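Using the sequences and the accompanying hints, generate a full structural model.
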Amino acid sequence: MTEVVATNQTILVVGGGISGMTAALEAAETGAQVVLVEKRPYLGGRVSQLYKYFPKLCHPTCGLEINQRRAKMNPNLTIVTGAEVSKLEGEAGNYTATVKLSPTYVNDNCTACGECAKAVEAEFDDEYNYGLSKRKGAYLPHVMAHPMKYVLDPAIIGTDDAQKAKDACKYDAIDLDDKEKEIQFPVGAVVWATGWKPYDAAKIQPYGYDRFANVVTNVEFERMADPKGPTGGKILRPSDGKEAKNVAFIQCAGSRDRNHLYHCSRICCMASLKQTHYVVDAYGDDAQVSIYYIDIRAIDRFEDFYAEVRAMDNVKFIKSKVASITRGENDNPCLNGVDTEGYHRYATEHDLVVLATGMEPSVSVDSFPVDVEINREGFIEPAEKNGGVFAAGCASDALDVNRAVQSATGAALKAIQVVNRVARAEG
Amino acid sequence: MSEQAEKKYAAYICTGCGIGDRLDAGELEQTASRDGRMNVVKQHEMLCSQDGVQMIRNDIDKEGVNHAVIVGCSRRAKVEAFAFNDIAMTRCNIREGVIWARPDTEEAKETTQEMANDYIRMSCAEIKQMNKPSPSGQQGRNPNVLVVGGGITGMTAAIEAAEAGYSVHLVEKSSALGGHVARLHKRVPFKAAPVGTPNSPDANLPMPEDTGIGDIIAAVEGNDNIKVYLNSTVTKTSGAPGRFSVDISTESGDTITENIGSIVQATGFKLYDPENLPEFNYAGSPDIITNLELEELANAAGDGPIKRPSDGKEVTSVLFVQDVGQNSSDEGRLPYDSGIGDLVSIKQALYFKHHNGDGCDATICYDNLRTPGAPGEDFYRSGQRNGVIFTKSEVKEVVPGDSITVKMHDKILDEDAEVKVDLVVLDLGMVPNSGPDPYAANEALEGMSDEDRAEELEAQEAHAADETSVKVESILNLDYRQGTDLPHLKHGFTDSHFICFPYETRRTGIYAAGPVRRPMDMKQAMDDATGAAMKAIQEIENAAQGRAAHPRVGDLSYPTFRKEGCTQCKRCTVECPFGAIDEDEERYPQYNEARCRRCGTCMGACPVRVISFENYSVNTVGAQIKECDIPEEWDEKPRILVLACENDAYPALDQAAISGEEISPWARVIPVRCLGSTSLSWVTDALNNGFDGIIMMGCKRGDDYQCHFVRGSTMAAERMAKVGDTLETLNLEPERVVVHEVAITDIERAPALIKEMEETIEKVGLSPFKF
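So the protein lines, in turn, are chains A and B. To convert, note that position 289 of the first sequence is 288 in numbering that gives the first Met the number 0; the numbers rise steadily by one, no gaps. To convert, note that position 303 of the second sequence is 302 in numbering that gives the first Met the number 0; the numbers rise steadily by one, no gaps.
Some hints could be false.
Subject to a maximum C-alpha distance of 25 Å in a straight line, what follows is the list of computed DSS-like cross-link-like pairs (lysine-lysine) [stated by the list, open to error]:
{"hint": "1", "chain 1": "A", "residue 1": "Lys-318", "chain 2": "B", "residue 2": "Lys-754"}
{"hint": "2", "chain 1": "A", "residue 1": "Lys-233", "chain 2": "B", "residue 2": "Lys-754"}
{"hint": "3", "chain 1": "B", "residue 1": "Lys-699", "chain 2": "A", "residue 2": "Lys-227"}
Don't read these hints as lab results, they were simulated from the structure. Keep in mind that this is a model prediction, so the values were computed, not measured.
Okay, here's the thing in structure tokens:
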């Protein structure tokens, strides 16, 4: 693995999604020494699993390519993947970070030639596709993964597949004896960019996500729309593989709700409007989209995007918090509730229902390795007591990509201020 | 270059990853030495290994190799291993570009080997035209940041830059610091409910809080690294990042000239003029007020109740009309919303609950309530808990009178309603205080015929000369060939077009922050200011070392031109997407490398080919086109030249190969920095050399453009529209040259487009220009 050389003028960035990458790159390109620690085997985080961004309908991998190129070229930046910060002790300008390194079984010799994947047989749920497809036990997480290295699923260690993978490798890149390690190094400041995870849709009992095949979440829908995804970009019903032309979106599924997430995740309205484009692009005039909402939050300049979707003849907006989903004919989910504009009851069947679930902080309130101020929803608030730890992106609030990058850029400066102070003090 | 040692060329051929199995490495070596005329040619079975890298390093250090071709994987792979920054280097892609893109069959063997041989010839030709880039030394390190605007955004940017050890000049037009926030009674709370807040209706939820503006002003005034200029404006900005010269016209009437490294523009917003909204009758009653005027009423109330302006009566009912004049497609209204108006109205409604008691009715009439995030939603909950009434309705008319009548359509009850209240507050939108858009005039001209264009230009001139026409004052007074201020993105905001890169304006080293960039509240403006300050200090460090800013971060190459050949046609100065090129007194182009983003659009624009970079020029690509081996006509092996944008199309082809897609064996792909850098001469040369088809792959154009150099792909498309003349002269079919928009996700489509050209060639026949 990459050796970590650090001092109390080093900035530690925790999390390698769009926010962490941004903070790390902005700081490193200004001359700071940066160590970026990422839990997954690759950078890019959640945005690397999105098909398109709103409002431009452009591709997240386009910006990812630039950021990864920046990362590859920058000698000030050390990237450690498969790693988690387990402890952070000390104070601003003088921390000791303890980082747990999961065994990777694949070293930097890997050329991504792919021979190991050809050799192994067992298949596992592909987490990159939220389990909607399978991958091998030796795999490239996705086609743009950085570091561009194959990954061995820990589940194959000790099986024949592990040995097959090792035997197939011509570059001595596989080390089956790799063990979990812990390393410690000094850092001056920390950017905390651990991001978000989708709220567990199964907890919204009346919507039956765990009971109905044709009820999916918005993050799964992103994978379904992606030509590189599990359905080859076709929008199909999981129950029978038929085309899903009549699609409903349920906004605030588990959000703005005292039984689930109190907060509004800011992005879900725009995400559903974007996903409406996917359906309409796929099926044209045959597409039927219904958006069940409380408030459509097309914030500031995004109004244009909302207006464009509103003008589509085959898109309906229903102001309603859907009460329940029941099984209709042919495994159609049937949505039940009251349209509050005029107070009409409905029980409407759709081919497919997309739950616009919200963002929950990745790190739960109790498992922060460092004492920082956290709000009721688990997001980090700026506070004196946080010392030299600065939250960036969705660790600080539910943000869209643009605002997450804005936040991360600011967090990079806050960290630079700390290490520059250390540098001045140490002359 | 003259001072440098003799050029020594080397090619290093990796035989790993199946290259050695699939290709005849001896033949590759021979091609590099015989055709490529490399001084040193070596093979290695795993070039990216420590041993392989050390082999190259030794040759550089001990054998004087200063120009190297790394033959193996794509330039996107193993970048860290092959970071030989002290020499001129290029990567020859025969892994993703050749063996992974071709089937492993006996039948394909010959064409696959030819492909690899060709790429080696091309890279060897390229490296001979390249030099190691080194910075111009045009600017030194200048640690001064200019902040324009002394509101909350500007002050925050100043403090944050100063805290990092930089000096700040803060210029404020008015007589005091503080901007809008200084006029507020309270601010919307910054934080959500703390951890542990119970799920109960009487839990403590966030309430309006002090703005803290006094402390911030004191922090600015007390900071030795911040120099404040009140009643001052920027009257001239010239130079480039790292060496801006800025004239500040001060209170006393003097002009001070400061040397500045980078600039943050934080000029904020003004409220939309309510007089433009007759249905709300702002002028009809002193009790119909703006959201900002309410802040003043609340301030005036002291500890007592808020009174209405007309007669000083204590307000017992107040109604907030949300989004007035916003989200409207009507002429003269705002097509966007401020995004913060609902939080502001909740805050103001709570003023009444606090000052005038629970008995005072406070109603917010909204359509879509926008209270995002954790703090937003908790504050909405706080409003509900404290008795604020929220009505989903459309307010049709506000009628003045002793009490004000509000006529609305209640959307929940689906019926018209009328209420009478003491006071009506209009939630007005934010209009950015940006300077004149340098490209506004051009946009009006787009797509016009020559005749209409001439007419429009005349009309614009007449309008400019008309003294009664309202002129937007310049803020930065940039002494740039391409206008005085930051270009607008949309609706007057100077925002970046890039979701992933919110600070990328089209003027290097000048960063917009706060509501001039996009509508935002106080908290976001402070975050934004910190981000902009980050970019400002980064640009100071980049400029000091001659490094490019985003997206070719760290690039040390910069364009120069051969004066003898220049015809002063001005195309480079006009087409540069970043306004980096001025004209000197003799009307020659004047490059400002710290303003330059290294896209090469100027190079593509130059009809006499006098513009070049050390490591990227008309010749680096031209030589590759010429050295490509063109088979005789009877071989029936067509050649297709693909010029691919290095950020999107080239990675798409790479990923196609990684994913097992086949790429035509006839294709020869050359990455370009931007399609905007494409010289027409490449097309002419390729056709003359016997290429049968040419495909240019660039990023999406138009409103939702994805070109990271903004106009590059548009310029390329415009230029290539004229390629028809060349084809006609050569008596060639027009379909031999095509321009495609290709996204990085076009993994299947990009190879399919090459296949399409293959079919076209089958149809129209091979080029007659094969010698």
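Verification of the hints:
no.	hint	in the structure
1	Lys-318(A) with Lys-754(B)	violated (49 Å)
2	Lys-233(A) with Lys-754(B)	holds (24 Å)
3	Lys-699(B) with Lys-227(A)	holds (20 Å)
Hint check: a violation occurs at hint 1 only; the rest are consistent with the structure.
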